[in-house]
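Input sequences plus hints: build the corresponding full structure.
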Amino acid sequence: MANSGERRLYIYIYIHVQVFSMSATLQNENPEVKALSQLPTRAQEEEENLFLKGNEGWLWDISDELENVEKIRDAVDAQEIFDLLAKINDPEHPLTLAQLSVVKLEDIEVYDNVDGNSAVIVHITPTIPHCSMCTLIGLCIRVRLERCLPPRFHVDVKVKKGTHASELQVNKQLNDKERVAAACENEQLLNVLNSMMSTCI
Amino acid sequence: MNSSLVASYLFTVDKNESEAKDIVNHIIKDIIDEKIGIVDVVTSIGDYLTNTNVSMRGKALLLLSQVLEGLPKDRLPVKHVSVLLQFYLNRLDDEVTLMENSLGIVALLHMDNFPSPKAVDVCYCYFDATDMPKYSQKTRYSILKIFDTIIDEYLFDISPNTKDAFFAGICTTFAGEKDPRNLFLVFSMLQKILKRFPIGGFEKQFFDITYCYFPITFRAPPDAQGLTITTDDLKEQLKNTLVATDAFSKLLLPELFKKLKASAVRVKIDALNIFVQVCQNWHPTSYLWSCTEYWESIKQEILESTDTTLQNTALSALNLLTKNLYKENGLSSNFTNFVGVLLTQSFEYFSKDYTVKVASSIGAVFAAIASVSLESFNYCCEKYLPYILELPIESESLEKRHGMLVFLNYVFKCDALLYGKWRSQNSVDCPNSLLPHKNKWLSFMSGSLMGVAKDEVSLRTSAVDVLYTLSTVKGYLDMNELTMIVQFLVELAFDLDDPLRKSATDKLKDIGLYKPDIILLVVFPHAFSLFPEISSKISSAEDATFKQSLHILITLSEEKSLFKTLVIRLVEALKDQLNVAKHDSQYASIVLQTLCLAFRNRNIEKREDVPSYLDHLVPWLYTTSFKYAPISVFSIKDLTSVSQIINEIVRVCPLKNQISFSEELYKLYFTSEESSLIQDDVQVRQLSATFCLAKPMSDQKYAGLVLLLQGGMNGLQRSVPVVKDLHETLLNSCIEMVEQATIPAVMLSALRLLSSLLNKCSKDEDINTYLQTPAITSLYGKAQSKDKGQSHAALQILSWLAKALVSRKLQSASNIVNYLLECLHLEDAASVVNAFAVIIKDDPILNKTNYYVERILYKQKFYAELMPKLLEAIPKVTSKEKPFYLMVLSIVIGNVPKDIVIPDMPTVLPLLLQCLVLADSGVQYSALNVIMTAIKEIPSLISDYMNSLIPPLLAIPKDLNNPAAVRLLALKCLGLLPELVSPIHIQPFKAKVIRELVPCLDDIKRVVRTEASRTRHKWYT
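If you're matching them up, the sequences are chains A and B in order.
Residue 132 in our numbering sits at position 132 of the first sequence, with consecutive numbering throughout.
Just add 10000 to the spot in the second sequence (first one is 1) and you have our numbering.
Nothing false has been slipped in among the hints.
No more than 25 Å apart at the CA atoms, straight line, and that leaves these computed lysine-lysine pairs for BS3-like:
#1 A/87 x B/10357
#2 A/104 x A/34
#3 B/10454 x A/104
#4 B/10515 x B/10421
#5 B/10637 x A/71
#6 B/10352 x B/10400
#7 B/11005 x A/104
#8 B/10695 x B/10667
#9 B/10859 x B/10848
#10 A/34 x B/10454
#11 A/34 x A/161
#12 A/87 x B/10972
#13 A/34 x B/10357
#14 B/10400 x A/34
#15 A/104 x B/10502
#16 B/11018 x A/87
#17 B/10250 x B/10195
#18 B/10413 x A/34
#19 B/10547 x A/71
#20 A/177 x B/10992
#21 B/10637 x B/10582
#22 B/10859 x B/10898
#23 A/34 x B/10502
#24 B/10972 x A/71
It should be emphasised that the hints constitute simulated quantities derived from the structure, not laboratory data.
Please read all numbers here as calculations on a predicted model, not as lab measurements.
Shown next as structure tokens:
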């Protein structure tokens, strides 16, 4: 028991340092920014069904086609996960993770299996190799996915190989359930996470 | 003069302003009527002026000043004015009454008889006697007002001898002002002086007292309600003051450049705005000397920008500067030297590292300079561009190639601007200076587009952009090269998996506007070659490609001649198809649907060429339908498309053409005369000769042809004779058709025709008479008959009739509506509920585009009449009938403007909540819609019903039998709650909602899932 209490204390202090180090100077002052129009979207695929979309049943009886469309299951794909994460704000800049290329479409793996185990693996790319916000961003992604995905998905957030100085450490931290749970109990940290996710509406 | 008047003024002035004002007006009136003189006024306040009580002195002086202010300007003679002025000036050392004093002097300055040389004396007295920083804001303001009047009216009375002392005094008095209101006045005075008067020798002083305010950092305090001056106003005033005279040139510009080099972004933008104003207002010689300094101080911001607004402002200033430099000097050494410095520096920077960011900055610099004139463009291209062009670009990394493409896009945009685009009128004699490099670049660009992997989206998008820009430049590319570019774009546009598909299609459309011939030559053959084989069965893959090709063809045929060709070619394709078809063909259906959409889009875009299709396409459509519908090559769905195409064409035709069309249509459907709508086809002519409306009723083979009658008739304007007068027989045959029709589409079509004819008819009396005829009255009995089919048809007819009358706001509508209300007691009232939906829902065909009469506020009237009856009935009905009443309620409320429902919400909301548990998804949908409005508009009401609202909102999205639209709407309502309802009411449900939303996160439709996660997110925070 004592051990666990000690550990929690350690976690608390660690988080505290993390949160407060944010107010200090920016770590990466001039990051590469993608324009919003450059981000991958689903618009192109949705156009597919143009005969349904174009007239919206304005003239022809399309109830059959609609019924068919209703019954088809849209599988969870990387784009869907990307859309969930794209709008999270960076803790340092007034920009989103997608604009900063922290989250990239090609770095999201999805295994969608309706009857069995499903998994989402997100590889994040820190803007600079010694970014200390990396854990915070990873935690936020994790919390966001856990809130938005059905429980059948196993969520895994990792730093992309070779993009961070202390990659292993960060990965270990992010996938430690107890630490994540502890973090979510900390009101101050939760506020930070919520403000990062405030743009996800 | 009555001294009590003065006494009562002194008593009331700081208590009751209007009373004091009355006293002043009274005195003024007495002076005008010559009952008293101004001397009397002065005498009567004389005692107070020497009173030891400060406020007494001030008030007395205020009375005199206000009287002077109110007097007519020509009332006082010169002598009086001079004496009064002297009186006021002598009192200047009484500092506590300075404000009242200044008020009097301003009044005197406005007098016609003011001796103008005295204005200078006034100034001197003030310079000597006053010490501005000591006084309050109001006092300072009143003193400044004196100077404002002098500057306005007596500025030119200041002689060269007195000028220096005047300026010196002005500068001292104005300096150090801090209050925004006073500062605003100071700036406007300075502008007047600087603009009108030479300030020789005093530039430095004037500049110092103005520039010291830059940059304006003023922020209005939050409690300053009365302060109407904003930061932007002050910035604007300061800017105008600084650029008011070009005598500031040597003082201002170096200071600005200093700021541009090192200060906050906001300050830099302010400085740049001033510089832009300078370039617009000053004489060129006074700022052109600073060109190079400007570039040196801003180049960092342009080349390595961190802020787009700043960069754009800097670039537009650069463009303006270069333009004026060129205007002043032409292509002389002044200009070329400047351009040389800029381009050499930029290109050196460029060659070091040309990433996209750098390339777009350099491209913008090049564009800012080169776009100044054709001459300068050619000069820049010949002298400096080769430097860039010889870079070994082909072997570079993709990133650098991307950068180069971005840069080239700027160059060619300039080129298009100066040499014109295709179809532009201006012609340029000299050959395009970019011509020699054409081949190299073209192959580089095409390589970047076609020679890289598909997923290099951003690189390829830039390549598409630059190729498009290139192809718009007039006379730059020859036909072969244009064809090649169009072929590339076609390849992208028709590739279903290519992410660039859409942008390629858009570019093709734009090229079509410039050069339709090339689209005809390249795109059309390609698209038509993708069409499936005639008479073969279409597989689903082919189907997708086919639809895709047609979609692209429609999109890019925006140009008139292109569209015409497209229609002709599609009709030809249809003819080939129909000749061999033995039963309904999917090919024909898709083509007809496409044509229908195309015409609809063209009408939405208000293209003017649609009516021209009335003469050929419409008769062909009638002939073909008459030929192929009876042998069921055309299905009902195809006939719907045909009917809609006809409608789209007819409804935009001018009245004259509509009348002749309506006559032909009448011949075809109601007489045995030959109609011009049937073209030369022996077989069809025979059929049409014997054809009349009775035929479709007796023979189901011909039933579908009713659709074409409706398509044509509905598009007619109200003044066309067939529509204008009420034709009883025509209406009766519509009713008959409804009763006998077995195909739903035919029935609907006849109903619409009936409703539209009744609605558009010109006279109300005719309608009322018609409603009394047996054809209509017999319907009431039929509606309640035991025969289900008969009762359904009768209810349908009544509802569509009611729709026509309700839209026209006819009183007779209420009879039918009341009757329908009674019918809700019937065994199976579902069709009655449906009848109400027909009446109040917007119809896609019967609307204003088809000249359907929709009187203003007709929905409001309907709602106001029906609602009390419904609300009264609901508590009394049996539990079996209740759902039907609730359904009607929800449908009516869901389809009227939301504002009129809001006041009734407290009564209606509990009933709507009961609707949520009914099984009918249409009812749920409209109830949810209204509830959503209620949440948005009156969240306080909703908070009382949280217990009964949240459970159904959670249950609806979990049940996959509900349509996705209903699930989505329920989630949206749920998501609105935490945003709008107060947290006290939300908190008890928070855990429950978050927990119960989990299954919705795994919904089969992606849109619903996304909405569920959004809603859940809102409940978390």
